Amino acid sequence: MITKRIIACLDVHAGRVVKGVQFVDIIDAGDPAALAARHAREGADEIVLLDITATHEGRQTLLDTVRRTARELFVPFAVGGGIRSADDAAQVFEAGADKVSVNSAALADPMLIDAIGRSFGAQAVVVAIDARRDPSAVDPVRDAQVFVQGGRKPAGRRVVEWAREAEARGAGEILLTSMDSDGMRTGFDCELTAAVSQAVSIPVIASGGAGTVDHFVDVFGRGKADAALAASIFHFGVSSARSLKEALARAGVSVRLPC
Amino acid sequence: MRVTVIDYKAGNLTSVLNALRYLGAETVVTNGDLVPVEDAERIVLPGVGHFQATQRLDATGLTPAIRAAIARGVPFLGICVGMQWLYTGSSEAADQPGLAHFAERCTRFSEGHEKVPHVGWNSLEVRAGSRLLSGVEPGEFVYFTHSYKAPVTADTAAITNYIEPFASAVEHGNVMGVQFHPEKSGATGLTILRNFLSCERQGIA
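Protein chains in written order, with the numbering used here: chain A, 1 to 259; chain B, 1 to 205.
Calculated directly from the structure, the hints in this document are not laboratory data. Just so you know, these numbers come straight off a predicted model, no measurement behind them. Quick reminder that beta carbons are idealized off the backbone N, C-alpha and C, glycines included. Be a bit skeptical, because a hint or two may be false.
[As the list claims (entries may be wrong)] On the chain A side, residues computed to face chain B include the following (Cβ under 10 Å): (1) Phe74; (2) Phe93; (3) Glu94; (4) Gly117; (5) Ser119; (6) Gln123; (7) Lys153; (8) Arg169; (9) Glu173.
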């Protein structure tokens, strides 16, 4: 039986993890390669590394980080942040990423999705969408809007329609972040996640708003998510992806265990 | 332990190379040079993406070289599209023939209320006697990402259920294939790759 995935996300700046799934053990808290390996060892089904600087000058540092992280990481490994062209993506793949995540660059030039998918396969392209409900619309969920610049600026696209276009262009997965819920710890936006998940045939990764284990149960059930991003497992009262998954299994969610 | 890894521009090789090197293998990559196939100790054919990409194996002359290596008993492992290539073909690219080492054909998952592609960790039901899957316990999980699959036959080494049961691994003598990505399947995947690396050349395929 296919299982629901728990994906650990590491925010990286200048080669160091600046925010991410936190641990009591402080020794390796800043090193992406060590932290990624630790998450994999402790049950994460996948690792996402997000370059939050994403400057041109920082590219070599990022590629070094990806190379070091990928060398001994034997679960799927996605990299996002600052990928603006098929060449950028090719470098990240060459360094050892299995998938790249594209967001604003794909909105600016949707052909980027086609280009990366053509060279590396649909499974290698994750389209990240930052979404907000549209309170002024007749249906605030179905008409939710895509945002860029950290949720500050509307991109002029509707979420469901953009997810469909991304799929048609060859995206392999959608990473959907609810900017309304992000950082609130009041739960994922399950209605929005379900709307997107039902509109496309590719997997949808839910992100934003998790505060308890029950929130994950909810987004896998009602939200019809195929995977969920855990930005800070420490906050959910569990110590690792494994213990989060054990709690999910007790709640009846199918997860990869033992792991 | 030397492994010849075939590069036919179907996706990214780095993950496969990382895993093989981690296990102590020396890797030789060829994207058309036949010598590394002709003197291969072991061959890995990775591959993600579209079945049409295997056309490059024909265009470069790698197909007959691989066929000859297999006939010499060289252990061969196809991964994902590399496994599908062992069959007569795939409905993904109907005019592109596979190696036809196995007589069946790969087909797309039927559309229903389940999502296609099949992406994520799913479990293996291992058949007795597989060398490749030796030590893999029933229900261990591996990572999949694909829309096409091979049917269950006598040569099937493991079965996975998604929409319908399909062959998640195939094995006959020195010829092996996995639909999942052992290089991305944690400790279980490394066990499988280690098993492959310990396969010795056989007298007759």
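Results of checking the hints against the structure:
Because the closest C-beta pair between Phe74/A and chain B is about 6 Å apart, less than 10 Å, the hint holds. The beta carbon of Phe93/A comes within 4 Å of a beta carbon in chain B, closer than 10 Å, and the hint placing it at the interface holds. Proximity of Glu94/A to chain B holds as hinted, the smallest CB-CB distance being about 6 Å (cut-off 10 Å). Checking Gly117/A against chain B: minimum C-beta separation of about 9 Å stays under 10 Å; hint holds.
Hint on Ser119/A holds. Least Cβ distance to chain B is approximately 8 Å, under the 10 Å limit. Interface hint status for Gln123/A: upheld, as the beta-carbon distance to the closest one in chain B is roughly 4 Å, under 10 Å. Proximity of Lys153/A to chain B is violated relative to the hint, the smallest CB-CB distance being about 31 Å (cut-off 10 Å). A least Cβ separation of about 15 Å between Arg169/A and chain B goes past the 10 Å threshold, and the interface hint is therefore violated.
Checking Glu173/A against chain B: minimum C-beta separation of about 7 Å stays under 10 Å; hint holds.
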